[in-house]
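S.K.: The primary structure of each chain is shown beneath.
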Amino acid sequence: GAVVSQHPSWVICKSGTSVKIECRSLDFQATTMFWYRQFPKQSLMLMATSNEGSKATYEQGVEKDKFLINHASLTLSTLTVTSAHPEDSSFYICSATASGRGRETQYFGPGTRLLVL
Amino acid sequence: GQQLNQSPQSMFIQEGEDVSMNCTSSSIFNTWLWYKQDPGEGPVLLIALYKAGELTSNGRLTAQFGITRKDSFLNISASIPSDVGIYFCAGLFSGGYNKLIFGAGTRLAVHP
Chain A
1 GAVVSQHPSW VICKSGTSVK IECRSLDFQA TTMFWYRQFP KQSLMLMATS
51 NEGSKATYEQ GVEKDKFLIN HASLTLSTLT VTSAHPEDSS FYICSATASG
101 RGRETQYFGP GTRLLVL
Chain B
1 GQQLNQSPQS MFIQEGEDVS MNCTSSSIFN TWLWYKQDPG EGPVLLIALY
51 KAGELTSNGR LTAQFGITRK DSFLNISASI PSDVGIYFCA GLFSGGYNKL
101 IFGAGTRLAV HP
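Residue numbers (the numbering used here), protein chains in the order written: chain A, 1 to 117; chain B, 1 to 112.
It should be emphasised that the hints constitute simulated quantities derived from the structure, not laboratory data.
As the structure is a prediction and not an experimental result, all values here were calculated from the model.
Where a beta carbon is used, it is the ideal one built from N, C-alpha and C, also for glycine.
A hint or two may mislead.
Think about it this way: if two alpha-carbon atoms lie no more than 30 Å apart in a straight line, the pair counts; the simulated DSS-like pairs of lysine-lysine are [stated by the list, open to error]: (1) 51/B with 99/B; (2) 14/A with 66/A; (3) 70/B with 51/B; (4) 41/A with 64/A; (5) 99/B with 55/A; (6) 55/A with 14/A; (7) 14/A with 41/A; (8) 70/B with 41/A; (9) 64/A with 20/A; (10) 55/A with 20/A; (11) 66/A with 55/A; (12) 99/B with 66/A; (13) 99/B with 41/A; (14) 14/A with 64/A; (15) 99/B with 64/A; (16) 66/A with 41/A; (17) 20/A with 66/A; (18) 70/B with 20/A.
Selected chain A positions facing chain B (Cβ under 8 Å, derived; list incomplete) [to be verified]: (19) 46; (20) 49; (21) 89; (22) 97; (23) 103; (24) 104; (25) 105; (26) 106; (27) 107; (28) 108; (29) 110; (30) 111; (31) 116.
Covered stretches of chain B, as calculated for chain A (at least 3 residues, CB under 8 Å) [what the hints assert, rightly or not]: (32) 27-41; (33) 44-52; (34) 99-111.
Given the sequences, and given the hints that come with them, work out the whole structure.
M.R.: Below, the structure is given as structure tokens:
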């Protein structure tokens, strides 16, 4: 149980285009999902917290107009990188919170590698 | 802000050796999680700890939630080549939307 999927697994796009990444919790409902970004040989950096039915909460320094987040349902959150530039190339990973018996655990998707040319 | 200090940064060991890594923080966490990340993939949950003092095993892995709730360790016994990867500790910060705070990771290499 507690499987999180991401689509696509990798994407190459031209500078200036927008890219949408989907994150789905496959076998549980997640009121909260998180979006991370990871550069080579570094730890995960939280970009934003996505809540079903409300606006996302962005971390300091993350542009909300550039990284649009939509949490359309309890099993789906999307991240859209608008007007992508080469510096947006990175590994984007989502996670979803599973709760049970008062305990919370975060499960991660397999990640999406974005390369902007 | 909350920070986790994870050590060591990297380890290069012989197959069969035991491994130990730990995380400390100046903040108190309600939950400690240990993940393993293989290249090009998302982190996979290894062990979750929910109570101070809790000691939990998952096969050859053992992790403990420190009594002060500010630290945790992960041990791997009898390492094998597939243990290679990056191990991250993460503390669940119970403020707002329960954000995870990550350590910098321990990169493990196992020599056959």
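S.K.: Given the hinted pair residue 14/A and residue 41/A, is their alpha-carbon gap at most 30 Å?
M.R.: holds (25 Å)
S.K.: Would the hint linking residue 70/B and residue 51/B be met if the CA-CA limit is 30 Å?
M.R.: This hinted pair holds, its Cα atoms lying about 12 Å apart.
S.K.: Under the criterion that the straight-line Cα-Cα distance not exceed 30 Å, is the pair residue 99/B, residue 64/A satisfied?
M.R.: holds (18 Å)
S.K.: Min Cβ distance, residue 110/A to chain B: is it shorter than 8 Å?
M.R.: holds (5 Å)
S.K.: Minimum Cβ distance from residue 108/A to chain B below 8 Å?
M.R.: Where the cut-off is 8 Å and the nearest Cβ of chain B is about 4 Å from residue 108/A, the hint holds.
S.K.: Take a quick look at whether residue 20/A and residue 66/A sit within 30 Å of each other, Cα to Cα.
M.R.: holds (12 Å)
S.K.: Three residues or more, CB to CB closer than 8 Å: is that satisfied between the region 44-52 of chain B and chain A?
M.R.: holds (count 4)
S.K.: How does the region 27-41 of chain B fare against chain A when you require at least three residues with a CB closer than 8 Å, holds or violated?
M.R.: holds (count 5)
S.K.: Between residue 41/A and residue 64/A, does the CA-CA distance stay at or below 30 Å?
M.R.: holds (25 Å)
S.K.: Please work out if residue 55/A and residue 20/A have their alpha carbons no farther apart than 30 Å.
M.R.: It holds: about 17 Å lies between the C-alpha atoms, which stays within 30 Å.
S.K.: Does residue 107/A pass the interface check with chain B, least Cβ-Cβ distance below 8 Å?
M.R.: holds (6 Å)
S.K.: Regarding the pair residue 14/A and residue 64/A, is the alpha-carbon distance no greater than 30 Å?
M.R.: holds (21 Å)
The structure is inconsistent with the numbered hints 18, 21, 31, although it conforms to all the rest.
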